[in-house]
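Chain by chain, the residues run as shown.
Protein chains: 2
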Amino acid sequence: MAVPLLAATAFAADSIPADLRETALATFKALPSTTPAVANNPITPEKIALGKALFFDPRVSASGVVSCNSCHNLATGGDDNLETSIGHGWQKGPRNAPTVLNAIFNITQFWDGRAEDLKAQAKGPVQAGVEMANTPGQLVATLKSMPQYVGWFNAAFPGEADRVTFDNFAKAIEAFEATLVTPAPFDAFLNGDDAAMTSEQKQGLTLFMDKGCSSCHGGTNVGGEGYHPFGVVKKPNADILPEKDKGRFAVTHAAEDSYVFRAAPLRNVALTAPYFHSGKVRNLKQAVAIMGTTQLGEELKEEEVDLLVAFLNSLTGKLPEVAYPVLPAETATTPRPVSQILGK
Amino acid sequence: MAVPLLAATAFAADSIPADLRETALATFKALPSTTPAVANNPITPEKIALGKALFFDPRVSASGVVSCNSCHNLATGGDDNLETSIGHGWQKGPRNAPTVLNAIFNITQFWDGRAEDLKAQAKGPVQAGVEMANTPGQLVATLKSMPQYVGWFNAAFPGEADRVTFDNFAKAIEAFEATLVTPAPFDAFLNGDDAAMTSEQKQGLTLFMDKGCSSCHGGTNVGGEGYHPFGVVKKPNADILPEKDKGRFAVTHAAEDSYVFRAAPLRNVALTAPYFHSGKVRNLKQAVAIMGTTQLGEELKEEEVDLLVAFLNSLTGKLPEVAYPVLPAETATTPRPVSQILGK
Chain A
1 MAVPLLAATA FAADSIPADL RETALATFKA LPSTTPAVAN NPITPEKIAL
51 GKALFFDPRV SASGVVSCNS CHNLATGGDD NLETSIGHGW QKGPRNAPTV
101 LNAIFNITQF WDGRAEDLKA QAKGPVQAGV EMANTPGQLV ATLKSMPQYV
151 GWFNAAFPGE ADRVTFDNFA KAIEAFEATL VTPAPFDAFL NGDDAAMTSE
201 QKQGLTLFMD KGCSSCHGGT NVGGEGYHPF GVVKKPNADI LPEKDKGRFA
251 VTHAAEDSYV FRAAPLRNVA LTAPYFHSGK VRNLKQAVAI MGTTQLGEEL
301 KEEEVDLLVA FLNSLTGKLP EVAYPVLPAE TATTPRPVSQ ILGK
Chain B
1 MAVPLLAATA FAADSIPADL RETALATFKA LPSTTPAVAN NPITPEKIAL
51 GKALFFDPRV SASGVVSCNS CHNLATGGDD NLETSIGHGW QKGPRNAPTV
101 LNAIFNITQF WDGRAEDLKA QAKGPVQAGV EMANTPGQLV ATLKSMPQYV
151 GWFNAAFPGE ADRVTFDNFA KAIEAFEATL VTPAPFDAFL NGDDAAMTSE
201 QKQGLTLFMD KGCSSCHGGT NVGGEGYHPF GVVKKPNADI LPEKDKGRFA
251 VTHAAEDSYV FRAAPLRNVA LTAPYFHSGK VRNLKQAVAI MGTTQLGEEL
301 KEEEVDLLVA FLNSLTGKLP EVAYPVLPAE TATTPRPVSQ ILGK
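Protein chains in written order, with full-length UniProt numbering: chain A, 1 to 344; chain B, 1 to 344.
FYI, nobody ran anything at the bench for these hints, they're computed from the structure.
Hints may contain errors.
It does not matter which identical chain is meant; a pair holds if it fits inside one copy or across any two.
Distance condition first, Cα-Cα at most 25 Å in a straight line; then the derived PhoX-like pairs of lysine-lysine [to be verified]: (1) Lys234 / Lys211; (2) Lys235 / Lys246; (3) Lys285 / Lys234; (4) Lys318 / Lys144; (5) Lys144 / Lys280; (6) Lys144 / Lys285.
Sequences and hints are given; from them, build the entire structure.
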């Protein structure tokens with residue numbers, strides 16, 4: 001049994017360049033050890049605590065059933081493992097829910113980049129009829145009806161005249177989300193620990209750069225930094241790339257943005273099946289193979305797919321411990337939950 | 001301003017019997033400081049940890065959307081603040097979700113006491129078509145598809161031949177739920193701290209016993225220990241006591257059990273609106289007044305209702321900190337979520 005093992009090790013050592021870390025650092029960046037700063041939203045412990053409460057509170061939805069965590073579940077990779085999410089009235093959303101983990105490092109938010117940051121993003125699902133079906137006015141009335149929430153907003157936004165606002169709701173959630181950073185073996189490797197990644201993972205990293213995957217999936221978030229057509233070389237099947245969802249075209253109305261999406265950030269990708277904006281592919285190997293044909297114009301060999309998946313597994317990180325919040329109690333003036341679908 | 005304050009204090013002192021604690025201890029029991037023992041289910045740290053994961057895992061439902069915590073949300077008093085819960089396919093359940101907090105102290109589970117303990121209870125929602133719409137076989141297949149879960153079951157149920165079973169799933173959840181004990185100011189008072197309850201709360205406690213409320217709502221859980229007709233003296237309105245739900249009659253088929261329910265345990269009642277099995281009453285004062293007319297045959301004065309509510313507020317306790325779990329990742333063999341309603 002010793003011979004094949006030694007042979008495999010020898011092969012691995014051969015195919016890993018000596019300057020792998022250096023090369024990788026030209027393309028990727030390790031996660032920071034501190035909460036990243038956020039534009040126009042100074043992060044404070046009070047804001048993080050408020051944001052955590054709001055993130056887990058189902059009463060931000062009209063029905064009192066759907067919270068941010070319903071679709072961006074911190075227990076299951078920061079997403080919901082569904083093709084597309086189920087929201088208000090059991091309606092299905094149009095696209096796969098992206099993970100909230102490390103989302104702070106994305107250049108913009110949503111698959112089409114239509115929100116410039118997480119505070120803009122946080123306002124979307126609250127108002128989407130298929131998600132939370134709420135209104136900013138109703139949300140603020142709900143929050144203001146609970147004195148404990150008012151106190152928390154006062155602590156998080158001192159010195160502001162009007163503290164319990166839809167803007168501040170979104171800023172608090174962004175502050176909490178900025179803490180959802182998950183250092184992984186890949187970061188330990190980038191930071192200098194040779195033993196943090198297996199030799200298979202290192203071969204996969206080498207291949208990931210050699211094949212050109214990293215030209216779209218680079219940076220701190222191994223993706224999430226730019227826009228690219230899905231199907232650069234060859235269009236995927238219509239079930240994976242449905243004809244009617246033209247991606248970023250809906251945002252820019254520029255012909256060249258048809259079927260363009262923000263490159264998926266790949267941290268924790270092993271936890272966030274199913275894949276692509278349509279959520280049609282559950283198997284990570286299959287997703288990698290599809291990327292080969294559609295983006296590289298190349299039928300990847302099974303061994304190559306295995307190595308790439310090994311590398312992707314090194315991106316599975318560790319979430320900071322989150323104490324489940326105890327939320328403010330409702331009062332007589334808290335608006336009642338509305339569970340029916342409006343217009344039905 | 002000092003005069004009315006002094007007068008109020010004097011009145012309060014007058015109406016609180018000197019032996020209040022002694023009298024109360026003949027009827028109530030303070031929560032224990034350690035996790036209660038459970039019949040046929042020795043509690044271990046491994047079982048608690050597994051049970052916590054299962055409690056928060058939406059993949060125990062057919063859809064992958066509904067977890068135990070969806071309706072028994074630890075963030076909002078161990079229930080969902082809804083009239084009746086919303087489950088699979090956005091269907092509405094038949095009765096208000098009771099709190100899971102301190103549920104371990106109830107004589108039986110469910111409003112009609114049809115489950116003899118929490119491990120029997122835990123099997124109900126999993127299989128109910130309007131809740132999780134799953135089957136034991138599908139659930140066990142889901143759990144067995146994730147090696148990390150198998151490892152956790154092995155650690156929680158060592159020495160058993162078949163460890164990942166529906167029975168053990170239920171036992172692990174019961175073990176976690178046994179830890180959801182919430183000591184309150186009322187317990188501190190029972191344990192000897194005179195300052196733990198306000199004088200208004202002590203007057204309320206006095207009244208609660210004098211009026212006879214404690215004859216149904218006594219013991220460790222201030223209720224949850226016996227069965228009583230809703231409407232002993234006078235039937236409530238049909239919206240509060242819907243004619244077709246005959247309560248415990250459905251369990252025993254005994255004529256005398258028509259409209260009989262297990263007396264609601266009142267710990268954390270201030271957090272668990274709306275009230276009664278029908279969930280039709282959101283206001284705690286109104287709920288207390290209804291109890292007066294239906295159970296005592298007495299129109300309680302507003303001051304009396306206020307004092308009783310003050311006492312009930314002293315039952316709001318503190319949940320032990322729960323770290324939000326990180327759940328095992330799905331694998332290629334994990335059954336796919338089924339979001340549609342069967343037969344539709």
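Structure-based check of all given hints:
Within a single copy, Lys234 and Lys211 get their C-alpha atoms as close as 16 Å, which meets the 25 Å cut-off; across copies the closest is 79 Å, which misses it. Taking the shortest alpha-carbon separations for Lys235 and Lys246, only the intra-copy value of 13 Å comes in at or below 25 Å, while the best inter-copy value is 60 Å. In this assembly of identical chains, the alpha carbons of Lys285 and Lys234 lie at most 25 Å apart only when taken from the same copy (18 Å versus 66 Å across copies). Proximity of Lys318 to Lys144 under the C-alpha cut-off of 25 Å is restricted to the inter-copy arrangement: shortest distance 23 Å between copies versus 35 Å within a copy.
Taking CA atoms no more than 25 Å apart as the test, Lys144 paired with Lys280 passes between copies only; the shortest distance there is 24 Å, against 41 Å inside one copy. Proximity of Lys144 and Lys285 under a CA criterion of 25 Å is satisfied inter-copy only: 21 Å between copies versus 48 Å inside one chain copy.
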